[in-house]
Amino acid sequence: MAKITLKNLRHSYLPNPKGREDFALKEIDLDWQDGGAYALLGPSGCGKSTLLNIISGLLHPSEGAILFDDKDVTHLPPDQRNIAQVFQFPVIYDTMTVYDNLAFPLRNRGVAAARVDERVREIAEMLEVTEMLGTRASHLSPDNKQKISMGRGLVRDDVNVVMFDEPLTVIDPHLKWKLRSKLKELHQRVKATMIYVTHDQTEALTFADQVVVMQDGEVVQIGTPVELFERPQHTFVGHFIGSPGMNVLPAAEDKGKVSLNGQAIAVEGKVMGAGGNIQLGIRPEFVSLSDAGLQARVRKVSDIGRHCVVEAMVGDTSIKAVVEGEVPPQGAEIHLAFRQDQTRLYRDGWLATEVTP
Amino acid sequence: MKTENQKAWLFVLPVLLLVAFNALIPIMTVVNYSVQETFGDNLFFWEGLGWFEQILRSDRFHSALGRQFLFTFLILIIEVPLGIIIALSMPKKGIWVPVCLVTMALPMLIPWNVVGAMWNIFTLPDIGLLGYFINNTLGIEYNMTRSPIAAWITIVTMDVWHWTSLVVLLSYAGLVSIPDAYYQAAKIDGASPWKVFRYIQLPKMKTVLTIAILLRFMDSFNIYTEPFVLTGGGPGNSTTLLSIDLVKIALGQFDLGPAAAMSLIYFAITLLVSWLFYTLMTKDDAK
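If you read the protein sequences in the order shown, they are chains A and B.
1 is the number of the first residue of the first sequence in our numbering; add one for each residue after it.
358 is the number of the first residue of the second sequence in our numbering; add one for each residue after it.
Among the hints, a few may not be true.
Unchecked claim - Covered, in the sense of this in silico footprint (three residues per stretch, anywhere, with C-beta under 8 angstroms from a C-beta of chain B), are these stretches of chain A:
1. 71–79
2. 86–100
3. 105–113
Because the hints were derived from the structure by calculation, they are not lab data.
The C-beta atom is built at its ideal place from N, Cα and C for all residues, glycine as well.
Model the full assembly from the supplied sequences, consistent with the hints where possible.
Rendered as structure tokens:
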């Protein structure tokens with residue numbers, strides 16, 4: 001168990017990176033507390049797997065340092081960092097039994113046989129694979145294989161951090177949910193620091209206490225799932241998280257007065273800064289149909305079960321609203337109202353309004 | 358509606374004819390010869406299983422079979438580990454991959470009889486590069502036309518040179534199919550290089566290695582052209598392998614009956630060993 005600190009971390013896959021765009025990771029500074037459950041969330045190619053491989057030691061960063069409990073491990077090989085990693089595709093040793101698979105990391109480190117046995121049985125019970133201990137690992141189903149590779153990470157009681165690199169990709173949908181809650185349960189039992197990499201927001205938000213959202217090699221926002229949902233610091237976080245994502249609307253601002261398509265809009269508080277590209281951000285959950293307000297025409301209505309998503313056009317801009325109960329038909333003229341405390345202004349992508357106390 | 362007729366047989370017919378002409382009819386001819394005694398003028402007399410008995414009891418057959426097994430054993434024990442070692446040390450990516458692959462494939466592209474002729478000249482003590490070097494520069498007596506040991510070393514070396522590439526290429530194909538995650542997991546699990554080989558690389562190579570060994574077994578067990586061109590079975594009978602002996606009996610002495618019986622026994626042995634090997638190697642997977 002350890003606290004993990006990433007200091008001024010930068011990485012490029014090119015031998016001589018020149019500009020900023022040559023870096024797969026641009027300036028990462030992070031502090032992860034001992035025993036926390038963290039998720040790295042971002043679209044494919046945003047650098048999250050690169051970051052994970054740097055923490056595990058499979059990659060050496062071009063610049064910066066990694067500290068485990070204030071000890072610099074930047075130049076240590078993976079086996080000396082005491083970490084565990086679960087990969088996208090289950091890695092198991094085909095010719096060994098489940099028992100031998102679980103015992104492998106311990107035996108490689110010369111742990112006494114009695115202790116190995118004790119740990120293997122303990123972990124097997126935690127993962128509910130005790131009755132499979134004697135079978136050849138190659139005969140298992142994908143979800144059980146993935147459980148075994150998790151088990152190999154958890155079996156060592158001295159691990160600093162357990163890392164998951166999109167571990168549920170190859171698992172059937174109905175088993176995904178089971179394994180996900182199993183993971184959460186495991187985290188509560190073993191209390192190891194865990195880092196979970198994924199591009200699936202549901203996985204990230206259900207697993208982690210703190211989610212790190214990444215885009216183009218940069219950390220965009222770090223926060224609890226609720227914070228990410230309620231106050232996205234960047235429009236990217238807004239539309240990446242949530243289903244459907246936040247409405248990001250082109251707007252105009254003049255001395256703190258905000259307007260959309262020529263109509264004044266009230267935002268949550270004081271507007272900071274000046275100039276730049278102005279956008280309004282509001283989640284569909286906080287847009288409602290009303291008698292007065294923004295005039296709009298319904299373009300599409302999709303019923304997604306518990307509620308409907310109404311897509312309406314204001315001028316050339318489309319706005320989504322989550323509506324419960326009765327919905328207007330396609331083509332209808334309606335009025336939209338924004339909840340003021342959930343309406344924010346973004347300048348060049350970044351949040352530019354302050355909550356008025 | 359399903360129409361029932363016998364037209365489907367027409368589709369099978371070409372294959373049946375092909376197999377009949379290139380396998381069934383020749384092998385039945387051999388069976389026919391193996392139970393009869395032939396004289397000139399196409400005279401045939403019934404012999405029953407006499408030839409089989411004679412072959413199975415003959416010392417000449419026993420020693421040729423022994424030499425054959427020794428040869429196959431030697432080349433397998435050298436080519437398989439050597440092939441794996443070369444495959445393991447080949448680069449996995451970059452511009453050297455095609456260079457290595459083409460270099461490896463070159464020996465296999467040379468016709469059998471040319472390989473024999475090449476090595477014959479190569480090892481001649483007076484004009485051959487290798488032969489001259491060993492005899493005159495190193496001062497070691499080496500003449501495969503005189504010494505059986507030298508002859509054996511030459512045919513085994515020649516086969517290793519000619520066919521190790523096959524094992525290399527097949528093993529290499531198995532190796533490159535292993536995802537990087539396996540090596541990364543092994544690193545994190547603290548596995549030694551030997552354990553990586555034993556538990557990751559070897560199991561992943563198993564299928565292709567089974568095929569490689571099977572091919573090398575059948576090929577080396579039936580080898581004829583290269584040792585025939587190189588040593589002609591000599592000196593004495595020291596490198597007379599089964600196939601060379603068989604051709605001597607069939608074409609040299611024109612004893613068609615015993616030769617036919619011998620080739621059937623030869624065929625049965627090849628088939629039996631291949632089947633046993635394959636069954637044993639794939640047994641684990643079925644479980």
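Here is how each hint holds up against the structure:
A stretch counts as covered by a chain when three or more of its residues have a beta carbon under 8 angstroms from one of that chain; for the stretch 71–79 of chain A and chain B the count is 3, and the coverage holds. Counting residues of the stretch 86–100 of chain A whose beta carbon lies closer than 8 angstroms to any beta carbon of chain B gives 8, which reaches the threshold of three, so the coverage claim holds. Proximity of the stretch 105–113 of chain A to chain B, defined as three or more residues with a beta carbon under 8 angstroms from a beta carbon of that chain, is established by the 3 residues found.
Violation of the numbered hints given earlier is absent; every hint is satisfied by the structure.
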